[in-house]
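Undergrad: Sequence:
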Amino acid sequence: MTVESIEQAVRRLVAIEDIRQLKARYFRCVDFRLWDEFADLFTDDLVVDFAESTSSPRGKKEFLASVARHFQSGYSVHHGHVPEIDVTDDSTATAVWPMYDRVESPTGSGYVSHEGWGHYTESYRRCDDGRWRICRSRLTRIERHELPKQEVSS
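Position 48, counted from 1, in the sequence shown is what this note's numbering calls 48; the numbers after and before it change by one each time, with no gaps.
Hint data in this document are derived by calculation from the structure and do not stem from the laboratory.
A few of these clues could be false.
Stated by the list, open to error - Cross-link-like lysine to aspartate or glutamate pairs, in silico, DMTMM-like; alpha carbons within 25 Å at most: (1) K60 / E7; (2) K61 / D31; (3) K61 / D44; (4) K60 / D49; (5) K61 / D36; (6) K61 / D49; (7) K60 / D36; (8) K61 / D45; (9) K60 / E37; (10) K60 / D18; (11) K60 / D128; (12) K149 / D86; (13) K60 / D44; (14) K149 / D128.
As the list claims (entries may be wrong) - Pairwise CB distance ranges, derived in the manner of DEER restraints: (15) E146 / Q8: 43 to 51 Å; (16) T140 / R12: 47 to 55 Å; (17) A65 / L147: 23 to 31 Å.
Remember, predicted model here, so these are calculated numbers, not experimental data.
Glycine is no exception: its CB is placed at the ideal position from the N, C-alpha and C atoms.
Given these sequences and hints, build the entire structure.
TA: In C-alpha coordinates:
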(Lines of atoms letter the chains of each structure in order from A and count residues from 1; the text may use other names and numbers.)
(Lines give C-alpha, C1' and ligand atoms only; values in the text may rest on other atoms or scores of the structure.)
Protein backbone atom coordinates (compact mmCIF):
# COMPACT_ATOMS: atom_id res chain seq x y z
CA MET A 1 0.00 0.00 0.00
CA THR A 2 1.14 3.48 -0.75
CA VAL A 3 0.82 6.45 1.56
CA GLU A 4 -1.75 7.88 -0.85
CA SER A 5 -3.90 4.72 -0.78
CA ILE A 6 -3.73 4.62 3.02
CA GLU A 7 -4.79 8.27 3.23
CA GLN A 8 -7.67 7.56 0.84
CA ALA A 9 -8.77 4.55 2.92
CA VAL A 10 -8.67 6.63 6.11
CA ARG A 11 -10.77 9.40 4.48
CA ARG A 12 -13.31 6.76 3.39
CA LEU A 13 -13.50 5.24 6.88
CA VAL A 14 -13.88 8.68 8.49
CA ALA A 15 -16.73 9.46 6.06
CA ILE A 16 -18.43 6.15 6.90
CA GLU A 17 -18.21 6.89 10.62
CA ASP A 18 -19.49 10.45 10.10
CA ILE A 19 -22.51 9.05 8.24
CA ARG A 20 -23.14 6.47 10.99
CA GLN A 21 -23.12 9.28 13.54
CA LEU A 22 -25.45 11.34 11.35
CA LYS A 23 -28.04 8.55 11.24
CA ALA A 24 -27.66 7.92 14.98
CA ARG A 25 -28.48 11.60 15.56
CA TYR A 26 -31.51 11.20 13.25
CA PHE A 27 -32.95 8.44 15.44
CA ARG A 28 -32.13 10.24 18.71
CA CYS A 29 -33.58 13.55 17.55
CA VAL A 30 -36.87 11.94 16.48
CA ASP A 31 -37.27 9.98 19.71
CA PHE A 32 -36.36 12.95 21.93
CA ARG A 33 -38.23 15.51 19.76
CA LEU A 34 -35.15 17.68 19.15
CA TRP A 35 -36.54 19.44 16.08
CA ASP A 36 -33.92 22.18 15.63
CA GLU A 37 -31.10 19.65 15.74
CA PHE A 38 -33.13 17.29 13.53
CA ALA A 39 -33.58 20.00 10.86
CA ASP A 40 -29.80 20.43 10.57
CA LEU A 41 -29.35 16.78 9.51
CA PHE A 42 -30.74 17.44 6.01
CA THR A 43 -29.76 19.41 2.92
CA ASP A 44 -32.12 22.20 1.86
CA ASP A 45 -33.00 20.25 -1.30
CA LEU A 46 -33.99 17.09 0.63
CA VAL A 47 -36.21 14.59 -1.20
CA VAL A 48 -38.13 12.03 0.88
CA ASP A 49 -40.28 9.05 -0.02
CA PHE A 50 -42.07 7.54 2.95
CA ALA A 51 -44.96 5.78 1.22
CA GLU A 52 -46.79 5.19 4.50
CA SER A 53 -46.92 8.89 5.36
CA THR A 54 -50.40 10.35 5.58
CA SER A 55 -49.16 13.77 4.42
CA SER A 56 -46.79 12.61 1.63
CA PRO A 57 -44.10 15.23 2.32
CA ARG A 58 -41.59 15.73 -0.46
CA GLY A 59 -39.26 18.58 0.49
CA LYS A 60 -37.39 19.48 3.66
CA LYS A 61 -39.91 21.99 5.01
CA GLU A 62 -42.89 19.65 4.49
CA PHE A 63 -41.00 16.68 5.90
CA LEU A 64 -39.90 18.50 9.07
CA ALA A 65 -43.44 19.78 9.70
CA SER A 66 -44.92 16.33 9.12
CA VAL A 67 -42.48 14.57 11.47
CA ALA A 68 -42.91 17.18 14.23
CA ARG A 69 -46.70 16.97 13.94
CA HIS A 70 -46.73 13.17 14.00
CA PHE A 71 -44.34 12.83 16.92
CA GLN A 72 -45.52 15.78 19.02
CA SER A 73 -46.90 13.37 21.61
CA GLY A 74 -46.71 9.71 22.53
CA TYR A 75 -43.61 7.55 22.49
CA SER A 76 -41.29 6.26 19.82
CA VAL A 77 -38.16 4.20 19.50
CA HIS A 78 -36.22 4.03 16.24
CA HIS A 79 -33.29 1.69 15.62
CA GLY A 80 -30.90 1.49 12.69
CA HIS A 81 -28.81 -1.64 12.26
CA VAL A 82 -25.58 -2.55 10.45
CA PRO A 83 -25.68 -0.21 7.43
CA GLU A 84 -24.15 -0.78 4.03
CA ILE A 85 -22.45 2.55 3.31
CA ASP A 86 -20.83 3.32 -0.04
CA VAL A 87 -18.72 6.48 -0.21
CA THR A 88 -18.90 7.29 -3.92
CA ASP A 89 -16.49 10.25 -3.82
CA ASP A 90 -15.26 12.95 -1.42
CA SER A 91 -18.68 14.60 -1.20
CA THR A 92 -21.35 11.95 -1.90
CA ALA A 93 -22.36 8.63 -0.40
CA THR A 94 -25.27 6.20 -0.28
CA ALA A 95 -26.46 3.72 2.32
CA VAL A 96 -29.05 1.09 3.10
CA TRP A 97 -30.05 0.91 6.77
CA PRO A 98 -32.09 -1.99 8.15
CA MET A 99 -34.48 -0.42 10.65
CA TYR A 100 -37.01 -1.13 13.38
CA ASP A 101 -39.47 1.27 14.96
CA ARG A 102 -42.25 1.29 17.49
CA VAL A 103 -44.54 4.29 17.74
CA GLU A 104 -47.27 4.63 20.36
CA SER A 105 -49.60 7.50 19.59
CA PRO A 106 -52.10 8.82 22.13
CA THR A 107 -55.76 7.91 21.80
CA GLY A 108 -57.49 10.64 19.82
CA SER A 109 -54.29 11.81 18.12
CA GLY A 110 -55.43 10.66 14.69
CA TYR A 111 -52.23 8.65 14.25
CA VAL A 112 -51.84 4.88 14.22
CA SER A 113 -49.66 3.18 16.82
CA HIS A 114 -47.43 0.68 15.09
CA GLU A 115 -44.38 -1.53 15.17
CA GLY A 116 -42.44 -2.30 12.03
CA TRP A 117 -39.23 -2.95 10.22
CA GLY A 118 -37.72 -2.40 6.84
CA HIS A 119 -34.97 -0.34 5.23
CA TYR A 120 -33.97 3.26 4.75
CA THR A 121 -32.24 3.83 1.40
CA GLU A 122 -30.43 7.16 1.54
CA SER A 123 -28.07 9.50 -0.25
CA TYR A 124 -25.74 11.91 1.53
CA ARG A 125 -23.79 15.00 0.60
CA ARG A 126 -20.84 16.61 2.34
CA CYS A 127 -21.80 20.27 2.62
CA ASP A 128 -19.65 23.41 2.51
CA ASP A 129 -19.21 23.30 6.30
CA GLY A 130 -17.64 19.81 5.99
CA ARG A 131 -20.60 18.01 7.58
CA TRP A 132 -22.47 15.16 5.93
CA ARG A 133 -26.23 15.61 5.54
CA ILE A 134 -29.07 13.48 4.21
CA CYS A 135 -30.23 14.64 0.77
CA ARG A 136 -32.53 11.71 -0.17
CA SER A 137 -34.35 9.27 2.08
CA ARG A 138 -36.72 6.47 1.20
CA LEU A 139 -38.36 4.14 3.71
CA THR A 140 -39.41 0.71 2.46
CA ARG A 141 -41.30 -1.47 4.92
CA ILE A 142 -41.04 -5.25 5.12
CA GLU A 143 -43.65 -5.40 7.89
CA ARG A 144 -45.80 -2.90 9.74
CA HIS A 145 -48.27 -3.97 12.41
CA GLU A 146 -50.85 -1.68 13.93
CA LEU A 147 -50.87 -1.76 17.71
CA PRO A 148 -53.91 -1.35 19.93
CA LYS A 149 -54.34 2.17 21.26
CA GLN A 150 -53.23 2.66 24.83
CA GLU A 151 -53.51 5.60 27.14
CA VAL A 152 -50.25 7.37 26.35
CA SER A 153 -49.35 10.63 28.02
CA SER A 154 -48.33 13.46 25.75
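Undergrad: Measuring from beta carbon to beta carbon, are A65 and L147 in 23 to 31 Å?
TA: For L147 against A65, whose Cβ atoms are near 25 Å apart, the range 23 to 31 Å holds.
Undergrad: Does E7 lie within 25 Å of K60 when you go C-alpha to C-alpha?
TA: 34 Å, violated
Undergrad: CA of K60 to CA of E37, is that 25 Å or under?
TA: 14 Å, holds
Undergrad: K60 and D44: Cα distance at most 25 Å?
TA: Distance ~6 Å between K60 and D44 Cα, so the pair holds.
Undergrad: Would you mind confirming whether the straight-line C-alpha gap from K60 to D49 stays at or under 25 Å?
TA: 11 Å, holds
Undergrad: Does D36 lie within 25 Å of K61 when you go C-alpha to C-alpha?
TA: 12 Å, holds
Undergrad: Taking only the CA atoms, is the gap from K61 to D45 under or equal to 25 Å?
TA: 10 Å, holds
Undergrad: Hinted pair, alpha-carbon criterion (25 Å max): K60, D128. Please report holds or violated.
TA: Holds: K60 and D128 sit about 18 Å apart, inside 25 Å.
Undergrad: Please verify whether K149 and D128 have alpha carbons no more than 25 Å apart.
TA: Violated, at about 45 Å.
Undergrad: Sort out whether D31 lies within 25 Å of K61, counting only the CA atoms.
TA: 19 Å, holds
Undergrad: Could you grab the alpha-carbon distance between K149 and D86 and see if it respects the 25 Å cut-off?
TA: 40 Å, violated
Undergrad: Sort out whether D49 lies within 25 Å of K61, counting only the CA atoms.
TA: 14 Å, holds
Violation of the numbered hints given earlier is confined to hints 1, 12, 14 and 16; the remaining hints are satisfied by the structure.
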